[in-house]
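J.: Letter by letter, the sequence shown follows residues 1052 to 1266 in the numbering used here.
Bear in mind the hints are in silico, worked out from the structure with no lab data behind them. Accuracy of the hints is not assured; some may be wrong.
[Unchecked claim] Computed list of lysine to any residue pairs in SDA-like fashion (alpha-carbon distance at most 25 Å, straight line):
| # | residue 1 | residue 2 |
| --- | --- | --- |
| 1 | 1205 | 1164 |
| 2 | 1126 | 1116 |
| 3 | 1249 | 1175 |
| 4 | 1201 | 1258 |
| 5 | 1192 | 1246 |
| 6 | 1126 | 1075 |
| 7 | 1154 | 1249 |
| 8 | 1126 | 1080 |
| 9 | 1201 | 1121 |
From a predicted model like this one, the values you see are computed outputs, not experimental measurements.
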Amino acid sequence: MLGGFTEFYFDTEVALEPEMLELSREGGKVDLTPESCRIITMQFQLLDRSGLPASPLMVMREWENEGGEEGMIRKFVEQNLSADPWEFIPVGHNVLFDLGLLKARAEKYGIELNGWELYHQRPYIDIRQILLGMNGFAFRKSGLDQFCAKRNGKEVPFWYEQAQKGDERGFALIDEYIEQEAEEFVRLYSRLKSELPKLRVQMQLFNSNGKKVKV
1052 MLGGFTEFYF DTEVALEPEM LELSREGGKV DLTPESCRII TMQFQLLDRS GLPASPLMVM
1112 REWENEGGEE GMIRKFVEQN LSADPWEFIP VGHNVLFDLG LLKARAEKYG IELNGWELYH
1172 QRPYIDIRQI LLGMNGFAFR KSGLDQFCAK RNGKEVPFWY EQAQKGDERG FALIDEYIEQ
1232 EAEEFVRLYS RLKSELPKLR VQMQLFNSNG KKVKV
């Protein structure tokens, strides 16, 4: 634990249900919901005070877990969502999607996660709104891939399908994507942790008592 709390980079990858996969293949718009997709990987990594990795990237894979998605979710919940919410602070981009999908998919297997605790009492850090602000609060082109070299994740369901058909190169492509995405996110997050406090000083964003923070 780092100073009373522990930050972890956190993300998930999903596979699409067959009809949604075909829609995506045809170029249609696919809404990711607990009904249209399922979780195939959950990845997390301990971060230090500067936002850089303090441990290797851990990847839980549905195809390696006994019980598939259910087994993976049960293991993740048991290992990381302890009674003390400060022991696992998810850090990511659009974290509420990942947490919401986790909750909904867990319920499918009879695993109850308290929604109020998950969304309002458990701390999390989501840089989605920061990137939105850095884009002038314009939603268009405010995605993570606009701020770093992260690749588009739309191919992940197709790589998963490729692997399910017997070509395990699909799994290797998913792993490669996960590792590159984690590296790009952590690098960006660390820069934000370093530079945003300086921006606060530059803009003199303090309350009326005039106290400033050290940077």
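J.: Any hints this thing doesn't respect? Which numbers, in order?
T.: Violated hints: 1, 4, 6, 7, 8 and 9; rest satisfied.
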